[in-house]
Amino acid sequence: MLEHVVNGLVLGGTYALVAMGLTIQYGIARIMNLSFGDTIIAACFATYLLFSALQIGPILALLILVPAGYGLSLLVYRVIMKPLVDRAPDEGALEVDSILVTFGLLFVIQGVLLTIFGGGYTSYSFMNTAVDVLGTAVAANRLLALGLSLVIGAALVIVLFRTRWGMVLRDVALAPDSAPLFGIDTDRAARRAFAIGGALAATGGVVLSMFQTFTATGGVVFTMKALIVVILGGKGSVPGAIVAGLLLGLVETFVAAYVDPGLTLAAVYTVFLALLLVRPNGIFGKA
Amino acid sequence: MKNAIGQAAGAVRRLSIHAAAATALVAATATAGLAQDSDTVTIGYAVSKSGPNAGGSDMTVTPNYELWVEEVNADGGLKMPDGSRRMIDVIAYDDRSSAEEVVRAVERLATQDEVDFILQPWGTGFNLAVAPLVATFGYPHLAGAAVTDKAPDFVKRWDTSFWFMGGSADYVDALTDILVAQRDAGAINDRIAMISVADGFGIDLVKAARPAFEEAGFDIAYDKTFPPQASDFATILGEASNAEADTFVAFSYPPHSFALTKQAKVSGFNPPVFYLGVGAGFPVYPNIAGGSVEGVMSLGGIDPDNALNTAYRERHEQIVGRAPDYWGSVLVYASLEMLGQAIERVGLDRAAVAKELSSGTFSTVLGKETRLEDNQLRAINWVGQWQDGQFVAVSPEGGDGTAAVKLPKPAWD
Amino acid sequence: MRTPYAFALAAAVLAALAAAPLFLPDYWTGVLLGMTGYVALATAWALFSGPTRYVSLATVAFFGVGAYTVAVLNEALPYPLVLLCAGAIGAVMALVVGLSTLRLAGVYFVIFTFGLAELVRQTVSWWEVNVTYTMGRYVFLPFEGRHIYWQLLALAAVTLLISWGIGRSRIGLALRAIGDDETVAAHAGIDVTRIKLLLFVISATLITLVGAIQAPRWTYIEPSIVFNPTVSFMTLIMALLGGAMRLWGPLVGAIPLFLLFEWLSVSFPDHFSIMLGLLFILIVFVMPNGVLARIETLRKGGRA
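Chains as they are written, first to last, in numbering that gives the first Met the number 0: chain A, 0 to 286; chain B, 0 to 412; chain C, 0 to 303.
Check the hints yourself; a few may be wrong.
To be verified - Rough simulated footprint, nothing fancy, chain A against chain C, three-plus residues with beta-carbon under 8 Å: (1) 3-9; (2) 111-120; (3) 182-191; (4) 226-239; (5) 264-271.
Unchecked claim - Counterexamples of contact, computed for chain C against chain B with all Cβ distances above 10 Å: (6) Y26; (7) V54; (8) P79; (9) V95; (10) R102; (11) V106; (12) Q213; (13) L281; (14) M286.
None of these hints come from the bench; they were simulated from the model. Since the model is a prediction, treat every value here as computed from it, not as a measurement. The beta-carbon is built from N, C-alpha and C at its ideal position, and this holds for glycine as well.
Extracted from the complex, chain A is given alone in its bound form (with noise of 0.2 Å):
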């Protein structure tokens, strides 16, 4: 029992770490990205190239990948997304808008990849020793994972409810027409929520390529496990998406253990379609 709720909270933390940044992203800058999970997976590329051709481990890989997501993320939000939030007359139009914007962003990356790095499966072996946890061995790797999404998670929080700065995100993400009669530079704060979504998605992906194998076309399995926790959590809440995360993890592992491993996805979709139906705005949405 005890080691369930270990492994399905060690996954949960990967889930979690995951759907940060495209919370933020659709939350404050309300670009639903769908070529988040290709973000990912160009970090892993990013952070392999680097561990295996440099020599440069993961942990170090974060501080070169890191910014480096939050730089292009920022280009990608001024040359293609400022044009589409300057033209949307609403938030309907934005939202269609960004979602196919983003879907050709993600064949673009897509195909980048596929032509420096070609299809194969690749995966390296980082941080794989065991670490003993109440009892149970778990992947160091992996409670690497669930530690950083929780420290992040704690210092965004901090961050949006404790500074100026970011109640100025919040009040952009829950007025975005209103916010500029209080003199808050909407265009700024979107921008900087998409770059820091974009620098979350970097460090999902330097720590996930650590246990998980990734081939270049492998993003839309990060995209929709992000999305639906994202979802479940309620859109740009960050509490939400690691509360939701965890959870998510917490099902698949009981799922498998006490049901049938391969009921794990069905029993994801179940849940989340069923909480859907009940609370339409997720966990710690507003109604």
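Assemble the complex: chain A is given as a structure, and chains B and C must be docked to it using the hints.
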């Protein structure tokens, strides 16, 4: 309403423009086909360069197609019966891992590009998807990367199809032989924990394994499937180790094989027999497992004393830039060698080539005398094991190109 | 042009298209087949999603169920009955799904429908593996490409006809009202839920039939083949490109896009993804409301 009709008329106009354009295109390509250079042999294939099947294609199929063509062309081209040589032209499409796409690509290769020969895509499902078309168009179908127990039926249905990878029952029976010998020697108990991936490959194998293991007197203590998207195996391995089985069998795909290995090391799960599916025979596997792969078993395996195979592996590494896997690659490559030799004997007549393939004897990387039985390759290494850094073919006692299996598996480092 | 003339013209085009496989090589029949399949899918999709603005990603759930029904029943029942069963299963499934989900709106509906497609896929996989012990089924029906094409062509024509009929009927009027403002429509006495449900069922049934008809083309059916999410995305993009609110919009989107994909995979087999992605981004920037709307604006601009 008027507006709607106007739109309708407009759309019809546009539609007819498209139709006209399509017809023009057909005409243009048809003449291009006629003008094709008759001094070369055109070989076409559709493989998954993107999508979920890309990983498998990129390991087992595509590199061998490229390697073979490059070698033949470097040699001056394909030999014809009259002693002349013709260079190979390649037309390669990406099926994007979509069944509809691979079917249309084969139609395109056959009727549009009018290629001389068609090489086949990766995977059982896709080989079956294109099989009726390939047969209708009269091409020999060399299924290099497709495991199916129904091959004996398929060669009746499509008599120009050739199957090079055997069926699930073959792999399972060979493994069962080893397990029985080990149990009778008292090395392992009679319990087996078995998991399988829920798709064609995994289910085919597990379906063959259940009766085979039980008939041999084994107790299948844990028997579960997992979805192909699964990435976390902590719980499954935990449950499997609770089964107190000395034999762990996973009919898995590469991502699962890699994850299972990593997880087994972390949880200290080290049964005497540790058998994985596809991926454990990849050259990158020792690297992914962090070095300690001694004793891990899987499908395939090579005979390290086979000089032909060793030479093939060296050429593959040289030209493709990485080593081939230890299971399917060599079979795919051998099928191409057979095609080349069949052409050398009977020329470009496809029916004659098919006939030669089913009745002839060939010299391939598998051995000097490779031949098909009922259009199927049977001389395959079914079980392999990592021994001293090589993934070698094994059998209970060794001999006949195989090494003796070494069990129990030593501990992970 | 008057309606009878339009109909005569449409019938003539249909006849020409039906005769095409007799003159074209197999490959072009295959292209026409794929294209017609997507025209039917996109038109059926737009039937519901156009006027209600509910973006559905459940296309492949119904498409796959149709294909699977054929795979399971093709040896047990005569073919027309199999198609009938497929349609019925699709309709019942749509009814159940529709009843429980149509109150979701916006992105929640999008994600729900995607989740639904995955749930169906996982459940079918699990069922096949653990209950019937057969993963991967064979469909050996004596159909060549052109037979499948003719069936799809007929289905596409029927779909367009239904779409046209709905557009002219009172339901069409009610639908436009719902699309403009659901609350207002409800106050005006329109039974919003019932109409949405009806449309959803019709659209899903047609999509199920497309899957059922296409199944014999692949010989071998397994969940990863028939529940390929690309189908949902392609359908969506085609309908949006042409304009999902118009009768001919999905068709106008599907044909050029399909030909374009075909051209890209022939000419750029190694860079398909990049080209496709760039093209997508371009479409969003240049033609945000679809081709037909773009042509209309250009025309109006010319006149003014």
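Tested hints:
1. 3-9: Check failed, 0 qualifying residues.
2. 111-120: Coverage by chain A holds for the segment 111-120 of chain C (6 residues, Cβ < 8 Å).
3. 182-191: violated (count 0)
4. 226-239: That given contact holds, which follows from 4 residues of the segment 226-239 of chain C lying within Cβ reach (below 8 Å) of chain A.
5. 264-271: The restraint on the segment 264-271 of chain C holds, since 3 of its residues have a Cβ under 8 Å from chain A and three suffice.
6. Y26: 4 Å, violated
7. V54: 22 Å, holds
8. P79: About 22 Å separates P79(C) from the closest Cβ of chain B, which puts it past 10 Å; holds.
9. V95: Answer for V95(C): holds, closest chain B Cβ roughly 23 Å.
10. R102: Correct as stated: the minimum Cβ-Cβ distance to chain B is 30 Å, above 10 Å.
11. V106: Since the minimum Cβ distance to chain B is about 23 Å, V106(C) lies beyond 10 Å and the statement holds.
12. Q213: Given a closest Cβ separation of 7 Å, the condition is violated.
13. L281: 20 Å, holds
14. M286: Consistent with the label, M286(C) stays out of reach of chain B, its closest Cβ about 15 Å off (over 10 Å).
Of the numbered hints listed earlier, those contradicted by the structure are 1, 3, 6 and 12.
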